[in-house]
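Trainee: Here's the letter readout for the chains.
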Amino acid sequence: MDESTPHIRLEIVSNPVYLSGARELINAIAKRVGFNDLECSKISLAVDEALCNIIRHGYDRAPDKPIWISIWPLEMTPEHRPAGGLRLIIEDEARQVSPEQMKGRELDDIRPGGLGVHIIQEIMDDVTYEQRPEIGMRLTLVKHAPEQSEPARVSESKPERSARADRPQRESHS
Amino acid sequence: MTHCPSAPRTALARTPLVRAVACGIVVGGVGGLGGCVPDPPSTFQSLAPNDRLDAIVEASGRTDHESLLGLVEQLDSDDPAARVLAIAALRKRTGKNFGYESADPAWRREPAVQQWREYAESGAGTPDGSAPGVVAESDPTTENGGGDG
Numbered sequence: 002m003d004e005s006t007p008h009i010r011l012e013i014v015s016n017p018v019y020l021s022g023a024r025e026l027i028n029a030i031a032k033r034v035g036f037n038d039l040e041c042s043k044i045s046l047a048v049d050e051a052l053c054n055i056i057r058h059g060y061d062r063a064p065d066k067p068i069w070i071s072i073w074p075l076e077m078t079p080e081h082r083p084a085g086g087l088r089l090i091i092e093d094e095a096r097q098v099s100p101e102q103m104k105g106r107e108l109d110d111i112r113p114g115g116l117g118v119h120i121i122q123e124i125m126d127d128v129t130y131e132q133r134p135e136i137g138m139r140l141t142l143v144k145h146a147p148e149q150s151e152p153a154r155v156s157e158s159k160p161e162r163s164a165r166a167d168r169p170q171r172e173s174h175s
Numbered sequence: 230m231t232h233c234p235s236a237p238r239t240a241l242a243r244t245p246l247v248r249a250v251a252c253g254i255v256v257g258g259v260g261g262l263g264g265c266v267p268d269p270p271s272t273f274q275s276l277a278p279n280d281r282l283d284a285i286v287e288a289s290g291r292t293d294h295e296s297l298l299g300l301v302e303q304l305d306s307d308d309p310a311a312r313v314l315a316i317a318a319l320r321k322r323t324g325k326n327f328g329y330e331s332a333d334p335a336w337r338r339e340p341a342v343q344q345w346r347e348y349a350e351s352g353a354g355t356p357d358g359s360a361p362g363v364v365a366e367s368d369p370t371t372e373n374g375g376g377d378g
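So the protein lines, in turn, are chains Y and E.
For what it's worth, the working numbering labels the leading residue of the first sequence as 2, then goes sequentially.
For what it's worth, the working numbering labels the leading residue of the second sequence as 230, then goes sequentially.
So that you can see chain Y by itself, here it is in the shape it has in the complex (with noise of 0.2 Å):
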């Protein structure tokens, strides 16, 4: 399989109805690679909330857009099972911003606005948004494992943030 090849790859469109249905199988995934249940929570809500924002901003609430989510494991084991994080990739057809303005904000200013943003950044490690080359936008993002973690593991340990800046940045898949 090639490695630009997404191991799971989600099309639905724009309709909110089919969120909770993309967060569960985003939970399920997680916790196959190694992420304990409060990740997987934190994860499938930054997933929602990046697609809220799709279907709310981007396709100004219409229900029949396509958004695409493709997923990766960061690493496969030599027993080729998912391990040490996750790449998630959602893309779709909506109006392009500048990737500039998708920045996330502090909240010493109580107002709405950049919320979901906000939230998806202190989730992921990595958040990176792009414009597609013709249409649409395109988010990555990137969740490193706890490193001792196994899979479907519980546990309440949260990873230690500053773990981020230990790990080399992975290229994204376009």
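Treat the hints as calculated values from the structure; they're not laboratory data.
There is no bait here: all hints are sound.
Ranges of calculated distance between the beta carbons of each label pair, as one might list FRET restraints:
no.	chain 1	residue 1	chain 2	residue 2	range
1	Y	H81	E	E350	53 to 59 Å
2	Y	D110	E	E339	27 to 33 Å
3	Y	H8	E	E295	48 to 54 Å
4	Y	D110	E	Q274	23 to 29 Å
5	E	E339	Y	A29	22 to 28 Å
6	Y	V14	E	D293	41 to 47 Å
7	E	A335	Y	T78	31 to 37 Å
8	Y	V14	E	L276	21 to 27 Å
9	E	T292	Y	V18	38 to 44 Å
10	Y	D109	E	A335	23 to 29 Å
A few chain Y residues that don't get close to chain E, going by computed Cβ distances all over 12 Å:
no.	residue
11	I30
12	A63
13	P64
14	K66
15	E92
16	E101
17	E131
18	P134
19	I136
20	E148
Covered stretches of chain E (in silico footprint by chain Y; criterion: 3 or more residues with CB under 8 Å from a CB of chain Y, positions within the stretch not fixed):
no.	segment
21	280-287
22	312-319
23	330-337
Backbone N, C-alpha and C fix where the C-beta goes; we use that ideal spot for every residue, glycine too.
For this one, chain Y is given, so just place chain E on it according to the hints.
Mentor: Relative to the frame of chain Y, chain E by itself:
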């Protein structure tokens, strides 16, 4: 501000003058049968998520007990954006956090939310230090490790 369902919803229509004119046309056009009614105030119980966020923003600048309780209840909202904004507002008002993380699932948030409820119900965090009908004895946050801001 008034809300007129038949008025244009464009950015231009958000200006009071344009909306007033549009409403007038609508009201005149239907012989006064329809009309513009005042927008309901944004409250924590509003059905529209954006209205609830507006209520949180408004409460962030207040000091009364009721709005403090309202903000604390938003910590348990199903809407992640409401949770993010509510804890930011509470931090701004009180300087405390009680270990709350808005991205946590409900089961994980519960202990921190409970500390916030006890804090608010004790009357702490209001100018006179007491909730209606409650005699404040001490700041509970000094005893439970809160206030990590």
